[in-house]
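Visitor: Chain by chain, the residues:
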Amino acid sequence: MKLYLQKVPVFLLLCIIALSSIYPLIFMVLNTFKTNTDYMVNLYGLPHQWTLVNIQTLIENYSVFAALWHSLFVTGISVLVVVILGALSSFAFAKYEFMGKQTIFYGMISFMLVPGPVLLIPIYVMFARVQLVDNFLSAILVYIVINLPFGIYMLTTNFRNIPTEVIESAHIDGAGFLRTFFSIVLPMARASLVTLSTLTFLAIWNELLLSMMLLTSDATKLLTPTIATIAGRFTTNMPLMMSGLLFSALPTLIIYLFLSRYLIKGMMAGAIK
Amino acid sequence: MVMKRNITPYLAVAPAVILVVGIMIYPIVFAIVHSFTNWDGVTATFNGLQNYVNLFKDPHLLRVFFNTIVFLIAVPLIILAALIVAILIYEKVFGWQFFRALFFIPSVLSTVVIGLLFDAFFGYSGPVNTLLQSFGVHHIDWLGNGWSAMIVVIVALVWSSFGYGMMIFLAALAGIDSAVYEAARIDGAGWWTRMFSLTMPMLKGSVQFLSVSNVIYIFTSMFGFIYVMTAGGPGFDTTTMDYYIYLKAFSGSDMGGGSALAFLLFIIILMFTVVQIRMFKQQEL
Numbered sequence: 001m002k003l004y005l006q007k008v009p010v011f012l013l014l015c016i017i018a019l020s021s022i023y024p025l026i027f028m029v030l031n032t033f034k035t036n037t038d039y040m041v042n043l044y045g046l047p048h049q050w051t052l053v054n055i056q057t058l059i060e061n062y063s064v065f066a067a068l069w070h071s072l073f074v075t076g077i078s079v080l081v082v083v084i085l086g087a088l089s090s091f092a093f094a095k096y097e098f099m100g101k102q103t104i105f106y107g108m109i110s111f112m113l114v115p116g117p118v119l120l121i122p123i124y125v126m127f128a129r130v131q132l133v134d135n136f137l138s139a140i141l142v143y144i145v146i147n148l149p150f151g152i153y154m155l156t157t158n159f160r161n162i163p164t165e166v167i168e169s170a171h172i173d174g175a176g177f178l179r180t181f182f183s184i185v186l187p188m189a190r191a192s193l194v195t196l197s198t199l200t201f202l203a204i205w206n207e208l209l210l211s212m213m214l215l216t217s218d219a220t221k222l223l224t225p226t227i228a229t230i231a232g233r234f235t236t237n238m239p240l241m242m243s244g245l246l247f248s249a250l251p252t253l254i255i256y257l258f259l260s261r262y263l264i265k266g267m268m269a270g271a272i273k
Numbered sequence: 001m002v003m004k005r006n007i008t009p010y011l012a013v014a015p016a017v018i019l020v021v022g023i024m025i026y027p028i029v030f031a032i033v034h035s036f037t038n039w040d041g042v043t044a045t046f047n048g049l050q051n052y053v054n055l056f057k058d059p060h061l062l063r064v065f066f067n068t069i070v071f072l073i074a075v076p077l078i079i080l081a082a083l084i085v086a087i088l089i090y091e092k093v094f095g096w097q098f099f100r101a102l103f104f105i106p107s108v109l110s111t112v113v114i115g116l117l118f119d120a121f122f123g124y125s126g127p128v129n130t131l132l133q134s135f136g137v138h139h140i141d142w143l144g145n146g147w148s149a150m151i152v153v154i155v156a157l158v159w160s161s162f163g164y165g166m167m168i169f170l171a172a173l174a175g176i177d178s179a180v181y182e183a184a185r186i187d188g189a190g191w192w193t194r195m196f197s198l199t200m201p202m203l204k205g206s207v208q209f210l211s212v213s214n215v216i217y218i219f220t221s222m223f224g225f226i227y228v229m230t231a232g233g234p235g236f237d238t239t240t241m242d243y244y245i246y247l248k249a250f251s252g253s254d255m256g257g258g259s260a261l262a263f264l265l266f267i268i269i270l271m272f273t274v275v276q277i278r279m280f281k282q283q284e285l
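Residue numbers (the working numbering), protein chains in the order written: chain A, 1 to 273; chain B, 1 to 285.
Worth flagging that the hints you see were computed from the coordinates, not collected in a lab.
Be careful, since some hints might not be right.
Stated by the list, open to error - On the chain A side, residues computed to face chain B include the following (Cβ under 10 angstroms):
(1) 61
(2) 65
(3) 66
(4) 68
(5) 187
(6) 188
(7) 191
(8) 269
As the list claims (entries may be wrong) - What the simulated footprint calls covered on chain B by chain A, stretch by stretch (three residues with Cβ under 8 angstroms from a Cβ of chain A suffice, anywhere in the stretch; the number is not a length):
(9) 25-34
(10) 62-70
(11) 141-152
(12) 170-184
(13) 242-253
(14) 261-274
Backbone N, C-alpha and C define an ideal beta-carbon position, used for all residues, glycine too.
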């Protein structure tokens, strides 16, 4: 296809870009397994002796595993609710006619334009009043609400592509709203549901400001803020800092590794625009 | 469209609508009202436009606004990098799918991870300085100096965002009919001709989308980078709008002033978005 620009230089150029876009990560992984003295004399190379001492320090002294569970819990529940509530309302928006539909739909997606920092103070004060600061519920509620508008926008766009005849014939066969939703809509929209779950997971997992404000005690702290606060102290011990970064990045990298095929397919189909 | 006059669709949208309205509208209204008060988070006394007057008298605010404008330099850089990479991938050379997946990896990392990685890279005895030293350049204190700290943040921004832009461009390119290319080729159009008269016009919508969304991103989502990389320093040299809201509210306990600043930020973003959409519209005429 389209072979006028010679392919070899293109390939070499892509290799160079690939190296520069992946090198910081290689650097992070290699230095996780070095001792601090090894790092001082051997910045770029492989570790002279592979060590787990940094990971060990991280786990023993900084309770990162507790933070990891907190993050998995909060992110997991939020993603689940976003996808379920998003899909339910998107099905209604995409395939049903009801009074005020346009207004409600555009009202909902206009919340995509509300910037996070604008919400910071009022949300903090609101949860402080009902004494939900340091309670997972506050973060879960906020994450659901912040990510729902985009979810509704994306899923409604996708559900519109499901042929109406399929839905109608299900109704004629006696299937109600929920039955049609579970047995027809969800299976047919699997790719876009996976894309949305992945994007929502990444957004919540990587969020710093709100989680830092809402979940402050060791009993509730999430992973990203934990790494942000402790890694800042490690500037004299780079390998320890790198192991912290690897620890917090690993879950997202694993998820991407397994779901990138779906995610890229979803994005190529125009799911994110 | 299916069914009319039925309560079911209302029940389906109700949970989402109630949650979003309850947890977004109430706080937003609450904050706007409190931006006209002297508020420390507990007690509030009405003080009219005083918070807004104070904002315009605030010597740091102009610097903070200026910093955000400087960071906007990253937007054209991100779009250009994304465009170049997308065009290279679109040549579909050996392994192009692998490259496509690889270039998106920086986009799945958090600003905390990216920020600290670049901090380490540009640290005093980090890889960049060590590399420069081998060329005889003396150690540079990248993050201890306003301008160089900004450069580091911009590099981190471009590195972390070009993959997402590439995906947007590739999605648009996938919509181009390859028969059109064949026809153009048979008519004798060279690679560059096809690039500028066929490919580029198709990508205008994507450029607009990326431009608007990245400008919003830089106005609202710099907190992670700034918090871990520079803490806004030295002085206020790299403090951004969102970081300043955080400082005002949670270090200064000035919730009223913070709310006023947040409201101002919202207005600024809205203006930038409208202006950009207008600009792109005009070009099409």
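Visitor: Which of the numbered hints are not met once you compare them with the structure shown?
Guide: 1, 2, 3, 4, 5, 6, 7, 10, 11
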